[in-house]
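Protein chains in written order, with numbering that gives the first Met the number 0: chain G, 0 to 255; chain D, 0 to 329.
Watch out, some of these pointers could steer you wrong.
[To be verified] Straight-line C-alpha distance at most 20 Å; calculated SDA-like pairs for lysine to any residue:
hint	chain 1	residue 1	chain 2	residue 2
1	G	K119	D	K127
2	G	K226	G	P207
3	G	K119	D	K167
4	G	K227	G	P248
5	D	K127	G	K226
6	D	K320	G	Y251
7	D	K125	D	D49
8	G	K227	G	G178
9	D	K288	D	L70
10	D	K177	G	K224
11	D	K29	D	K167
12	G	K73	G	A55
13	G	K172	D	I169
14	G	K226	G	A171
15	D	K288	D	K175
16	G	K73	D	K29
17	G	K224	G	S148
18	D	K177	G	A55
19	D	K279	G	D116
20	G	K172	D	K29
21	G	K121	D	E321
22	D	K125	G	G178
23	D	K167	G	G114
24	D	K162	G	S169
25	D	K127	G	P248
26	G	K224	G	E211
27	G	K149	G	K235
28	D	K127	D	K177
29	D	K175	G	G219
30	G	K172	D	N76
31	D	K26	D	I3
32	G	K119	D	W246
33	G	K149	G	F220
34	D	K29	D	K320
35	D	K320	G	P207
36	G	K73	D	G265
37	G	K235	G	K224
For the record, the hints were derived by calculation from the structure and aren't laboratory data.
In case you want the letters, here they are:
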Amino acid sequence: MPDYNTMELMICTAARELEDGATVGVGTGAPCAAAMLAQKLQSPNLLILFEAGGVAPLIPEMPISVGDSRTTYKAIMASGMCEVMETACRGMLDYTFLGGAQIDMYGNLNSTRIGADHQKPKVRFPGSGGANDFASFCWRMMVMTPQDSKRFVEKVSYCTSPGWLTGGDSRAKSGLPLGAGPYKIITNMAVMDFEPESKRMRLIALNPGYSEKDVQDNCGFELLKAKKIVENEPPKAEELHILRDVIDPYRYVIGR
Amino acid sequence: MDTIEQGIGEVFTDPDADKARAFFRTKSRKMENKVMSVKEAVEKFVHDGDYLKGGGFGANRVPIAVYHEILRQGRKNLGLSGQTTTHDFEILCAGEAFNRCDAGYIVGLEARGLSPNARRYMESGKVKVSEWSNYAMAVRLKAGAAGVSFYPARNFMGTDTLKYSGGKVIECPFTKTKYVALPALYPDVAAIHVHEADMYGNCRVRGITVSDFDAARAAKHVIITCERLISTDEIRRDPSFTVIPFWCVDAVCEVPYGSYPGNMYGEYFSDEDHLREWMKVETDPEAFKAFLDKNIYSCKNHFEYIQKNGGMEKMQLLRQKEMMFVGARK
Chain G
0 MPDYNTMELM ICTAARELED GATVGVGTGA PCAAAMLAQK LQSPNLLILF EAGGVAPLIP
60 EMPISVGDSR TTYKAIMASG MCEVMETACR GMLDYTFLGG AQIDMYGNLN STRIGADHQK
120 PKVRFPGSGG ANDFASFCWR MMVMTPQDSK RFVEKVSYCT SPGWLTGGDS RAKSGLPLGA
180 GPYKIITNMA VMDFEPESKR MRLIALNPGY SEKDVQDNCG FELLKAKKIV ENEPPKAEEL
240 HILRDVIDPY RYVIGR
Chain D
0 MDTIEQGIGE VFTDPDADKA RAFFRTKSRK MENKVMSVKE AVEKFVHDGD YLKGGGFGAN
60 RVPIAVYHEI LRQGRKNLGL SGQTTTHDFE ILCAGEAFNR CDAGYIVGLE ARGLSPNARR
120 YMESGKVKVS EWSNYAMAVR LKAGAAGVSF YPARNFMGTD TLKYSGGKVI ECPFTKTKYV
180 ALPALYPDVA AIHVHEADMY GNCRVRGITV SDFDAARAAK HVIITCERLI STDEIRRDPS
240 FTVIPFWCVD AVCEVPYGSY PGNMYGEYFS DEDHLREWMK VETDPEAFKA FLDKNIYSCK
300 NHFEYIQKNG GMEKMQLLRQ KEMMFVGARK
């Protein structure tokens, strides 16, 4: 058995995507943990931004809310929502991490509802929050989520936040800022990107212990496969130490 | 300007800038004492059917005393801005105080999970919902604060968020780029909790301002609750700290620990045990009713609510937690 859990694996994988000097818009939970981990390892100058107004904090412990005091701890600026989202719309935010109840083959996300009746949904979720905004504006949108065919559906039943919409050049034609869109999808089993022409989700890397079949069996649509599928490195001792002992000692996120 | 595409969501408030100007023309510019109790403020400025915007961010710098008073006074059929609403939303759902909602972020309490009762209320069919995003709601207030009827943004397009919103896609007259036009939001009333205010309503806020700068300007009436009343001399000593000027404000209520059980930047952290208790008790209707009676309906004011939940000893602990004193973390 590996000496790390699914959440730790996804956070470590995600953290490696965030290079020094980049900007990232995050929410609470796993995305924040990934940004904090990157900041404490290879990317000390990673600028973390929160939609509520926190700009470039040195986060001392896991925030509970994207607007709580921890999101401005030793920050550069305590601003507001327009400041952060306008910065993103201006093209200054490189990455964001989003999630949802459903994700489809073009990386569109549903965090609003299940059920057809909008005024009386079967299940009501929070809605967009800042997700539609970050997904529209940030250059590269990433998702961390368990690999599960109920979650990975061919078409989201409700598109809260834009991925590549219906693929091809549909996003470019929509009016959303050019060149921004879903980048990587990180799961417990694999990492996917999007094939440049069709914009369909494509398997590019496997986590230790999983096969292409495992991933496909837990995905509700046909995944494209990269010519060369690499094996992801498991979490390193140093990554796990910082994640467990410094970032999340009370296991708010990694204990889930 | 032609509309290329438009959502089917209802716009619950009138975005007309001239109508807003006509109202603001009548708004008092007098520097007069506006200090009153929360009870008086809600009696005067929150009416059945009004559209309400709350300040802060869910459970951070939120005017809890105003929400509790809205429930005690039995306000109904409010319109609600659901921009980053979490525990505030949970309270207003407990009182079934609103029947239409602009959804930015609702139902959830961020990392704490979803409120079972808020979900139940939003799945009941009793509430009309238009979809937006947090930034879209921020932009709608920005338009209101600027005295215009809409503001262009580059989100929404291609999604169901546009479809269920009241937004309209238009073309830029200069570049031909597509934008979603978001209608100005002029709330009937905004309630905002701040660190310091003087008796006229000049306000100081520390930490993030979220959308409160614009909310205070776009709203027709503004209720301020503050941690501390300060002198106008202090405001005038350094005007660079003033975030909200007095002419926006109708009522000033001094409510120490007014964001409790939420977080207040630089003052006290959120009471996570109490927030957890709220969410847990919501799964049992009988217990929830008793919980609301104890914590809201039988309380005279915010002090009594705090007294019932640990009083000054608890507040001291939350202050230590905010300052991250050794041992105050769990």
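Hint check results:
With a C-alpha separation of about 9 Å, the suggested pair K119(G) and K127(D) falls inside the 20 Å cut-off, and the hint holds. Of the supplied pair hints, the one linking K226(G) and P207(G) holds, its CA atoms being roughly 19 Å apart against a limit of 20 Å. Between K119(G) and K167(D) the CA atoms are separated by roughly 24 Å; this puts the pair beyond 20 Å, and the hint is violated. A C-alpha spacing of about 38 Å is found between K227(G) and P248(G), which places the hinted pair above 20 Å, so the restraint is violated.
Simply put, K127(D) and K226(G) have alpha-carbon atoms about 49 Å apart, too far for the 20 Å limit, and the pair is violated. At roughly 17 Å between alpha-carbon atoms, K320(D) and Y251(G) fall within 20 Å of each other, so this suggested pair holds. For the suggested pair K125(D) and D49(D), the alpha carbons sit about 17 Å apart, so the restraint of at most 20 Å is met. At roughly 25 Å between alpha-carbon atoms, K227(G) and G178(G) are farther apart than 20 Å, so this suggested pair is violated.
Our distance criterion of 20 Å between C-alpha atoms is met by K288(D) and L70(D), whose separation comes to about 13 Å. Simply put, K177(D) and K224(G) have alpha-carbon atoms about 34 Å apart, too far for the 20 Å limit, and the pair is violated. This hinted pair does not check out: K29(D) and K167(D) have alpha carbons roughly 39 Å apart, beyond 20 Å. For the given pair, K73(G) sits about 8 Å from A55(G) by alpha-carbon distance, which is consistent with the 20 Å threshold.
About 14 Å separates the Cα atoms of K172(G) and I169(D), which keeps this hinted pair within 20 Å; it holds. Using a Cα cut-off of 20 Å, the hinted pair K226(G) and A171(G) is violated, with the two alpha carbons roughly 26 Å apart. Between K288(D) and K175(D), the direct Cα distance comes to roughly 55 Å. Violation of the 20 Å bound is thereby established for this hinted pair. This hinted pair does not check out: K73(G) and K29(D) have alpha carbons roughly 39 Å apart, beyond 20 Å.
For a cut-off of 20 Å, the pair hint linking K224(G) to S148(G) stands: about 17 Å separates their Cα positions. Between the alpha carbons of K177(D) and A55(G) the distance comes to roughly 31 Å, so the proposed pair goes past 20 Å and is violated. Proposed proximity of K279(D) and D116(G) is contradicted: the alpha carbons are some 28 Å apart, above 20 Å. With a C-alpha separation of about 52 Å, the suggested pair K172(G) and K29(D) falls outside the 20 Å cut-off, and the hint is violated.
For a cut-off of 20 Å, the pair hint linking K121(G) to E321(D) is broken: about 39 Å separates their Cα positions. Simply put, K125(D) and G178(G) have alpha-carbon atoms about 41 Å apart, too far for the 20 Å limit, and the pair is violated. Between K167(D) and G114(G) the CA atoms are separated by roughly 25 Å; this puts the pair beyond 20 Å, and the hint is violated. Between K162(D) and S169(G), the direct Cα distance comes to roughly 17 Å. Compliance with the 20 Å bound is thereby established for this hinted pair.
With a C-alpha separation of about 42 Å, the suggested pair K127(D) and P248(G) falls outside the 20 Å cut-off, and the hint is violated. Taken as a hint, the K224(G) and E211(G) pair is honoured in the structure, with Cα atoms around 9 Å apart against an allowance of 20 Å. Using a Cα cut-off of 20 Å, the hinted pair K149(G) and K235(G) is violated, with the two alpha carbons roughly 31 Å apart. Taken as a hint, the K127(D) and K177(D) pair is broken in the structure, with Cα atoms around 28 Å apart against an allowance of 20 Å.
Note on K175(D) and G219(G): the hinted pairing is violated, with a Cα-Cα distance of about 38 Å set against a maximum of 20 Å. Taken as a hint, the K172(G) and N76(D) pair is broken in the structure, with Cα atoms around 40 Å apart against an allowance of 20 Å. Only pairs whose Cα atoms come within 20 Å are accepted, and K26(D) paired with I3(D) is rejected, the gap being roughly 37 Å. Proposed proximity of K119(G) and W246(D) is contradicted: the alpha carbons are some 41 Å apart, above 20 Å.
Between K149(G) and F220(G) the CA atoms are separated by roughly 10 Å; this keeps the pair inside 20 Å, and the hint holds. Restraint check for K29(D) and K320(D): the C-alpha separation of about 41 Å exceeds 20 Å, so the hint is violated. In summary, the hint linking K320(D) to P207(G) is not supported, as the alpha carbons are separated by about 40 Å, beyond the 20 Å threshold. Of the pairs offered as hints, the one joining K73(G) and G265(D) holds, with about 12 Å between alpha carbons and a cut-off of 20 Å not exceeded.
Taking the CA atoms of K235(G) and K224(G), the gap is about 27 Å. The hint is violated against a cut of 20 Å.
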